[in-house]
Amino acid sequence: MPTVTFVEHDGTPHTIDFVEGQSMMEAATNNAVPGIEGDCGGEAACGTCHIIITDDWISTTGTRSDRESQMIEMSPECQANSRLACQVVASKAMDGLKVRLPEFQM
Amino acid sequence: MKTKKNVLERAMVSVQTKVQATVPAERQVQAAHMAKKAQRLAGKGKPLVLTERPIPDAADVPLAELDVSNPFLFRQGKSRDYFKRLREEAPVHYMPDSPFGPFWSITRYEDIRAVDTNAEVFSAEPVIVMGDIPLEIAMFIAMDPPRHDTQRKAVQGVVAPKNLKEMESLIRERIVEVLDSLPTDRPFDWVDRVSIEITGRMLATLLDFPYEQRRKLTYWSDAISGTTEGTGGITHQDEFFKATAELAREFIALWHDKAARREQGETGFDLVTLMQSSDETKDMISRPLEFLGNLTLLIVGGNDTTRNSMSGGVLALHQNPDQFEKLKANPDLIPNMVSEIIRWQTPLAYMRRIATRDVHFGGQFIRKGDKIIMWYASGNRDEAQFDDPDAFRIDRANARHHMSFGFGVHRCMGNRLAEMQLRILWEELLARFDQIEVIGEPTYVQSNFVRGYGRMIVQLTPKSDG
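Chains as they are written, first to last, in this note's numbering: chain F, 1 to 106; chain S, 1 to 466.
Please note: incorrect hints may appear among the correct ones.
As the list claims (entries may be wrong) - Only pairs whose alpha carbons sit at most 20 Å apart, straight line, appear in this in silico SDA-like list of lysine to any residue: (1) Lys162(S) with Met74(F); (2) Lys282(S) with Asp66(F); (3) Lys153(S) with Asp10(F); (4) Lys282(S) with Ala384(S); (5) Lys165(S) with His9(F); (6) Lys162(S) with Ser59(F); (7) Lys162(S) with Ser75(F); (8) Lys46(S) with Met34(S); (9) Lys162(S) with Arg67(F); (10) Lys165(S) with Gln105(F); (11) Lys463(S) with Glu103(F); (12) Lys162(S) with Asp10(F); (13) Lys162(S) with Phe104(F); (14) Lys165(S) with Arg67(F); (15) Lys165(S) with Glu8(F); (16) Lys242(S) with Leu135(S); (17) Lys78(S) with Lys46(S); (18) Lys162(S) with Asp66(F); (19) Lys162(S) with Glu103(F); (20) Lys242(S) with Cys78(F); (21) Lys328(S) with Asp66(F); (22) Lys153(S) with Glu8(F); (23) Lys153(S) with Arg67(F); (24) Lys258(S) with Ser98(S); (25) Lys153(S) with Glu77(F); (26) Lys463(S) with Lys46(S); (27) Lys153(S) with Ala80(F).
Just so you know, these hints were derived from the structure itself, not from any lab. None of the values given here were measured: they were computed from a predicted structure.
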């Protein structure tokens, strides 16, 4: 199965399997990755699945939409490659993807 | 005629902007008060008077007359059935005539989330309660982006998780003090001794407000959020103005006091210190209505909400003793229970929006300028979202998906603080008490906005040491 690695703020990595077509938020919460909350259920409405994509992967995942920006840009930890995991739909091309988590979800 | 009015309005706005910058906030509040009084004397703007009458069952009222703006609905235990009927039969429902004017009710979870995340079509301006308020204080909860974003960013640090981490041990200390002073040999009022007390202490800490005067914060908050015209509450307009003027006076004094102490090298993590140390907000005092707005928002936002969740949790567990047993057997459920309490209680019943254009929504035609009420209290009991939604289940799998914090740009910025306070409260309660029994019926707040408790008599049984 393809895998994705979520790296916590303190450096702890969590490598999990994902299923194509699900969102990275679902993949994370189904595998109890700490630091991904997904309070709104995946509608880019709460900002609690904030992830930061590394530069070498951003072309694969794509950059954030205006809807995501509305939520993430209020976080003091927002960066250029910040996204909401619920809006990143997993595809085969993302096998081996590595993302960082902010220290806090808002 | 229309043009003349516009010219006048523009002139008013320009004068108001100038006045804001030069006249002290307290004077401005007084001036607005006098204007309202003059209106009343002239026979205009008569204060709204609401009298409690028995509310008929939801099934006995024609759908078109189902009025969920009634501030006695929650108190009389009718809110559950009224909203259930709306969700089933008219999820986007128009009430042409209420004491608060005509309004649309949105009652299904998904619809509410759709409205809440569409700030462009559904504006939060100028106020977020159902009716008019006597003075429109500039709060970012009632502003649209981009103005909202700038203002919110300036103050959200005070309740942001980073700051909270620093404060957790202090919060625990203060909660423990309150719990250790509670009587166990006789019943007492939980609302006064615990919910108000802890919330007041927390606000005083966050604002670095004189600790022994913390009940003033509770009084101002209740007076400001409880106007009859705004929420169907019991605050008379005169009381509102008195409270607002007092709040303005004392916090402007606090600002100057803090500025002087800062010059002496004092530091802190309270709101005023944060404002004074950020470039965006260090001149906030020269925009007094904005300063007042931000403070009022924090005080009101952190008061009714947490307070009533602290009382609601006790009531919910009292009504569901099996859940209390489950909790005692597995205290790790506390964080999830906190979400379930916030869902079950929904301390703020709704937020209001205004349509910025004509829009088709949920099979209805909503016109530009129409008032829309997003009923979180109903969305949190939506059968399509929550299994057996009226049940209180501390291990409910999707309790975190409750909408009590709202969704979208206005999502509650104090959410993590609220959760932390409730979590610590329950950790410390479980460590001390075996039973928390509610005696008799609590009394309920009169409001269509705040779902809260006036009094709740409780008897505690300490844990036996064996």
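So, going through the hints one by one against the coordinates:
1. Lys162(S) with Met74(F): 14 Å, holds
2. Lys282(S) with Asp66(F): Violated, at about 30 Å.
3. Lys153(S) with Asp10(F): 25 Å, violated
4. Lys282(S) with Ala384(S): 47 Å, violated
5. Lys165(S) with His9(F): 15 Å, holds
6. Lys162(S) with Ser59(F): 31 Å, violated
7. Lys162(S) with Ser75(F): Judged against 20 Å, a Cα distance of about 11 Å means the pair holds.
8. Lys46(S) with Met34(S): 14 Å, holds
9. Lys162(S) with Arg67(F): 25 Å, violated
10. Lys165(S) with Gln105(F): 13 Å, holds
11. Lys463(S) with Glu103(F): With a Cα-Cα distance of about 38 Å, the restraint between Lys463(S) and Glu103(F) is violated, given a limit of 20 Å.
12. Lys162(S) with Asp10(F): 14 Å, holds
13. Lys162(S) with Phe104(F): 7 Å, holds
14. Lys165(S) with Arg67(F): With Cα atoms ~29 Å apart, Lys165(S) and Arg67(F) exceed 20 Å; violated.
15. Lys165(S) with Glu8(F): With Cα atoms ~17 Å apart, Lys165(S) and Glu8(F) stay inside 20 Å; holds.
16. Lys242(S) with Leu135(S): Holds: Lys242(S) and Leu135(S) sit about 12 Å apart, inside 20 Å.
17. Lys78(S) with Lys46(S): Since the Cα atoms of Lys78(S) and Lys46(S) sit roughly 29 Å apart, the hinted pair is violated (cutoff 20 Å).
18. Lys162(S) with Asp66(F): 26 Å, violated
19. Lys162(S) with Glu103(F): 8 Å, holds
20. Lys242(S) with Cys78(F): Judged against 20 Å, a Cα distance of about 41 Å means the pair is violated.
21. Lys328(S) with Asp66(F): The given pair, whose Cα atoms are some 45 Å apart, is violated under the 20 Å limit.
22. Lys153(S) with Glu8(F): 24 Å, violated
23. Lys153(S) with Arg67(F): 18 Å, holds
24. Lys258(S) with Ser98(S): Measuring from Cα to Cα gives roughly 45 Å; hence the hint is violated.
25. Lys153(S) with Glu77(F): 12 Å, holds
26. Lys463(S) with Lys46(S): 55 Å, violated
27. Lys153(S) with Ala80(F): 18 Å, holds
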